[in-house]
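A.B. asks: Protein sequences appear in the order of chains F and W.
Under the working numbering, the first residue of the first sequence carries the number 1, and numbering increases by one thereafter.
Under the working numbering, the first residue of the second sequence carries the number 1001, and numbering increases by one thereafter.
Hint data in this document are derived by calculation from the structure and do not stem from the laboratory.
Even glycine gets a Cβ: it sits at the ideal position worked out from N, Cα and C.
Treat each hint with caution, since some may be false.
Far from chain W by the CB rule (all over 12 Å, computed), these chain F residues [what the hints assert, rightly or not]:
| id | residue |
| --- | --- |
| 1 | 61 |
| 2 | 63 |
| 3 | 167 |
| 4 | 174 |
| 5 | 182 |
| 6 | 187 |
| 7 | 208 |
| 8 | 272 |
| 9 | 330 |
| 10 | 336 |
| 11 | 341 |
| 12 | 344 |
| 13 | 391 |
| 14 | 428 |
| 15 | 439 |
FRET-style restraints, in silico, Cβ to Cβ [as the list claims (entries may be wrong)]:
| id | chain 1 | residue 1 | chain 2 | residue 2 | range |
| --- | --- | --- | --- | --- | --- |
| 16 | F | 199 | W | 1659 | 47 to 53 Å |
| 17 | W | 1425 | F | 348 | 50 to 56 Å |
| 18 | W | 1660 | F | 227 | 23 to 29 Å |
| 19 | W | 1425 | F | 362 | 29 to 35 Å |
| 20 | W | 1007 | F | 303 | 48 to 54 Å |
| 21 | F | 91 | W | 1562 | 41 to 47 Å |
| 22 | W | 1090 | F | 446 | 32 to 38 Å |
| 23 | F | 303 | W | 1659 | 20 to 26 Å |
| 24 | W | 1410 | F | 270 | 35 to 41 Å |
| 25 | F | 15 | W | 1201 | 33 to 39 Å |
| 26 | F | 428 | W | 1425 | 24 to 30 Å |
| 27 | F | 3 | W | 1090 | 54 to 60 Å |
| 28 | W | 1725 | F | 227 | 41 to 47 Å |
| 29 | W | 1547 | F | 91 | 46 to 52 Å |
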Amino acid sequence: MSILRFHLNDRPIEDAEVPPTTTLLNYLRQRAHLTGTKEGCAEGDCGACTVVVLDAETDPAAPRFRAVNACLMFVPMVQGRRVYTIEGLRQNGALHPAQAAMVERLGSQCGYCTPGVVMAAFEACYREDLHEPWQLDDQMCGNLCRCTGYRPIRDAVHMVAGTCPEDLFKRRRAEATPAALEFVRASAGRCYMQPTSLAALWAAIAERPQARLVCGGTDLALLVTQRYQDLPELIALEGVPELRGVGRAADGWFEIGATTTLTDLEAACMGPLRPLTPLLRILRYFASRQIKHRATVGGNLCNASPIGDLAPALIALGAQVVLRSAAGARTLPLEQFFLAYRKTALQPGEVLAAVRVPEPSPGARMAAYKVSKRRELDISAVAAGLYVETCPEGLVTEVRAAFGGMAATPARARGLEAALRGKPWTEATVEAALPALAGDFKPMTDHRGSAWFRGQVAENLVRGFYLETAATPRPDLPPRPAATVRLEVVP
Amino acid sequence: MTTHVGERVSRVDGRAKVTGKARYAAEHAAPDLVHGFVIGSAVARGTITRIDASQALALPGVLQVFTHENAPRLARGDKRWRDELAPPGSPFRPLQDAEIRWSGQPIALVVADSLELARHAASLVRVEVAPAPHETDLEAHRERAYKPPPHERPSVTPPSRGSADKAFARAPVRVQAEYRVPVEHHNPMEPFATTVVVDEDGTLTVYDKTQGVQNVQSYLTTIFGAEAGEIRVLAPFVGGAFGSGLRPQYQVVLAVLAARQLQRSVRVALTRQQMFTIGHRPTTWQRLSLAATRDGALAAAIHEAVAETSRFEDYSETVVDWTGLMYRCDNVRFAHEVVALDLFTPMDMRAPGAMWGVYALECAMDELAVALAVDPLELRLINYAEHDGNEKRPYSSKELRACYHQAAERFGWSQRDPEPRSMRDGDLLVGWGMATGAWESTQRKASARAVLTADGRLAVASATEDIGTGTYTAMTQIAADALGLPLERVTFKLGDSALASAPVEGGSFTVASVGSAVDAVCRELRSKLLKLAQQLEGSPLARLRPEDVEFIGGLLRARADPSRALTFAEVLHRAGIDHLADEVTTRPSKAHEKYSRYTHSAAFAEVKVDPELGTIRVTRVVTAIAGGRVINPKTAESQVIGSVVWGIGAALQEHSVIDHALGRFITHNLADYHVPVHADVPDIEVILVEERDEIVNALGAKGLGEIGVVAVAPAIANAVWHATGKRIRELPITLDKLL
Ligand SMILES: Cc1cc2nc3c(=O)[nH]c(=O)nc-3n(C[C@H](O)[C@H](O)[C@H](O)COP(=O)(O)OP(=O)(O)OC[C@H]3O[C@@H](n4cnc5c(N)ncnc54)[C@H](O)[C@@H]3O)c2cc1C
Ligand code: FES
Ligand code: FES
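Isolated chain F, as found in the complex (with noise of 0.2 Å):
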């Protein structure tokens, strides 16, 4: 039977009662006694929790700050870890830079957002990858600020990016070594439980068949925070290593372990993974960094949420899923893998252990979109991947269109593909092809759009991409105005 143990603030904290489902959050506020965290929406939304936690695990050579959203983490998600809270950055009574920044350019009124801002800009402080101005605007784009306006804010946050100044914090990230992650706490009825290996998984979901998966729980813990729920078993994945991180498997596609995160993702995208832009693009427009620092892939597609941001994007680059099970492993095509409305193909015992992606052939026009009321943070309104293979000819070899928020689940455009396959690729194929869209969806009305609006969305993200592909095969990133300040990260 695990104790619950973590650092809170440096101090050691071993806690056998709390139970598991109590959030992160509450856990600060109500037993720690710690209310500088503050809980603004209790789903992610605001940032107002947002609290810092240093993560050796996913990458050991390079041990980093993670802020996240503490209202959406179950407590044994910080299991052996060092949690850092607003309370925890003075040292010997002087504020944190990223404390007297905030104070300096007053980027605070009514003070509420301000520890949730600081801790975002806490981990922004001690970034060695911040290039580009958008960085900023995504570091922070998780935390709502109601009076400011938010200049002031993004005036301290500058001031402190990247700086990485030489003090506790640092010492404390370059010591750093993998946590003991396992957490076992189990008795009639109820459970949670984080293995360590893909062995132990196995034997936990044998002992518990009943129990809910969870990774990151950007989905799942909602049930918990918005709709009361009690979630009596569950096992959570991010403990196990052989579900993590991206490679090239000996086939020469690209592999990427269900329990990624999508920060890692993103930076996967940059490196790596280069290759695949249209996630890059999706990924930036995907919620808020805080989420994304602990938001999965698997997560994202088992939540198999018809405007799930990935999915369009996947499909239209040819993935497949990885599931697996103690009895073996079995690949699908992605778009198989979602059978109707929340519905997945995963059978009772399976894990999605990994999504392999191949490498687009080199001549490939590719891209990905996601139109949204608001353009950040906010749930898509449609989602799309477009994927089109010419031969030498100027022929459509090969298409893939996949929509989000079109249909009940992620899903291809097969109407529209088939009027374009064979065609030659011309904005005259792509007009006479588009009426098929209509017989492919039927969309519906909600407030995030009406049926009529995402039709039209639909069809003009198709045309737009002919337009934008048309120069460049592989356009890149989105112009994505960022903040008006400059970036200057000190070295």
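With chain F's structure known, arrange chain W with the ligands on it following the hints.
C.D. replies: Relative to chain F, chain W with the ligands alone:
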């Protein structure tokens, strides 16, 4: 002499806020604290027929489930339930009867040892309701509109003048258009919450999220029939409110009720979803009819509005008045009505009334400019009002012309091509729009108490609030200057109902009202101190006239000879007293009645629109504000930037969508109720125009909390027209409306 007023001072409470030390209503500790969780009605109208809480009560750790059946009967009569800001009507009384008046109305409070348990127990309470048909659609029920009874505030619609309809019919150039605006919710980042601490002697210390501790205190005392000393209300920090904290919210009643019944300390915090069950900015229909002569002079202006209120209170705001006030026009007709719907009573929300009224007027002015083929700014200058046409009196000051000129210049307005769809940035359509803003500047009666102690420190206090507006800082600055002290030696205390009385913190009148009281009480101490000093034996300051003595750095000093000086501490010490104290109440001067007192603004906005997807981005806003004397440019600018971003939200994002079949808001979280995020914020330039005003108050300050928001939404709407050629007369302007 060093002064702090007018300087870019950092917030005195900044450190508490960045370290997590600032405690908000839900964060005050108490021994044996229990938690209450509110159950809201799932239907919009009906009668509760049965509540079965047996399953919840069976859980160990659940203390009580309060419902209308077992809650104590509180005060009788509407009058006693009316708080300082209640509109006419019959205020809602939580758990006092079986009637359901709106969806989300609190119908039970579950109290348990832990929050999680209370929440879980709440899910086990079975409620049976006999539903009744509800009406939540303003448009569908406009025929039921009626003229609301006058409110004590200035929301009595001014009389119409001239003969607007005839003049309109005869004028050569006319525009008439209808504008629709949605319900908005304040959504401060801190949800409403109350922690009631039961003290040993049975008195209650109520930590509440409110904009008026004394309003809440007297409301609670009255409805619970308590003695004045029995309940004390504190709100040292408030995580934003924007008007939502002007009236006591239902959770404070529930928390006090539970604490009194159980004799335990209780906390009740609302969830973000429950934040959509309280007051909101009312959805409003408007029709503007403007007519002009060929040279652009307004010949007639008719402003009609129909807004929503609840079935039980007649809430109304100042929507139409602006049309008779902001421009010169002899023929003006107003019509302002409300429709009672099955929703909670609307509430003041940042720039109530002006937000919607000025939006419609300023869009109509833009349409008129197009019809006349004159530049929109030119049209405003042609019709510039030197006097307030509604009240027929002069303005105490009005530097709006300077606002127009300075902001237009900075924005580069003269480069605008008037043709819509004429300006581009690559594939994007670029649009430029502008608008005018106005907001009232008032002063209310307020008191402040100040104590100067022998160690040379000054403590000033008043029962006002700081909801993020910078009251702590501004009052510290004002007090420090009045006595020539450095900021570090001055503390300002607020947010405690036991302090000297102050009005609620709202309407941008805090600096004018409480600031005046603080200034006055400190000046009072100043004269007392001087008198004491001069009475000392062998005083170096003897016989000097007050104007010949300066107060600087904790010293009294002869201006002519700096060697003749005494420290404050010396004076008190030698006079044999350990402190000097006083309390002063200030009121608006008589001159007030002879003048109209307003702040003004001009906003210029640039938008870029993707013609394929309809996505809109505001890329640039320049706004100039004339708001009298600026106490602290740093906090003032920050207030205005925040307001501009509110304007962006109103123009493009904020919308509480009602599902009329359910009678309920369905965008009831921050994922669906969009407010601007970090990356939505453009380049914003704020110009604080110099404006001297000797009439508004002794400080000459008019207040800046609201004026910044007024002109922004219409400026953006006008820019969207300029970019696309489409007039979207319904807010928010979202991509689906543009496509
Ligand atoms: C504020 C906010 C914003 C968001 N924005 C977006 C957005 O822009 N776009 C978008 O697409 N989504 C968004 N989401 C949804 C969510 O973040 C993603 O779906 C995320 O990728 C889920 O990953 P997770 O690891 O957190 O999943 P979890 O919550 O841990 O799990 C989700 C589901 O998948 C199952 N599961 C997880 N991993 C596996 C596995 N390996 N094998 C089998 N089953 C598994 C779980 O049992 C559960 O049912 C948002 C969520 C929040 C709270
Ligand atoms: S409380 Fe809003 S994101 Fe966690
Ligand atoms: S300062 Fe009030 S929410 Fe940011």
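A.B. asks: Would you mind marking each hint as holding or not holding in the structure?
C.D. replies: Status of each hint after checking the structure:
1. 61: At roughly 31 Å from the nearest Cβ of chain W, residue 61 of chain F sits farther out than 12 Å, so the non-interface label holds.
2. 63: Fine: 25 Å to the nearest Cβ keeps residue 63 of chain F off the interface.
3. 167: 16 Å, holds
4. 174: 25 Å, holds
5. 182: 25 Å, holds
6. 187: The claim holds: residue 187 of chain F sits with its nearest Cβ about 17 Å from chain W, beyond 12 Å.
7. 208: Consistent with the label, residue 208 of chain F stays out of reach of chain W, its closest Cβ about 22 Å off (over 12 Å).
8. 272: 27 Å, holds
9. 330: Given a closest Cβ separation of 35 Å, the condition holds.
10. 336: 30 Å, holds
11. 341: 19 Å, holds
12. 344: 23 Å, holds
13. 391: Holds: least Cβ distance 29 Å, greater than 12 Å.
14. 428: 18 Å, holds
15. 439: 21 Å, holds
16. F/199 to W/1659: 47 to 53 Å: Roughly 50 Å apart at Cβ, these two residues keep to the hinted range, so it holds.
17. W/1425 to F/348: 50 to 56 Å: Holds, since residue 1425 of chain W and residue 348 of chain F (Cβ atoms, about 55 Å apart) stay within the stated range.
18. W/1660 to F/227: 23 to 29 Å: 25 Å, holds
19. W/1425 to F/362: 29 to 35 Å: For residue 1425 of chain W and residue 362 of chain F the Cβ distance comes to about 33 Å; the hint holds.
20. W/1007 to F/303: 48 to 54 Å: 53 Å, holds
21. F/91 to W/1562: 41 to 47 Å: 43 Å, holds
22. W/1090 to F/446: 32 to 38 Å: Check passed, 36 Å falls within 32 to 38 Å.
23. F/303 to W/1659: 20 to 26 Å: For residue 303 of chain F and residue 1659 of chain W the Cβ distance comes to about 25 Å; the hint holds.
24. W/1410 to F/270: 35 to 41 Å: 38 Å, holds
25. F/15 to W/1201: 33 to 39 Å: 36 Å, holds
26. F/428 to W/1425: 24 to 30 Å: 28 Å, holds
27. F/3 to W/1090: 54 to 60 Å: Since the Cβ atoms of residue 3 of chain F and residue 1090 of chain W sit about 56 Å apart, the hinted range of 54 to 60 Å holds.
28. W/1725 to F/227: 41 to 47 Å: 46 Å, holds
29. W/1547 to F/91: 46 to 52 Å: 50 Å, holds
Of the numbered hints given earlier, the model fails none.
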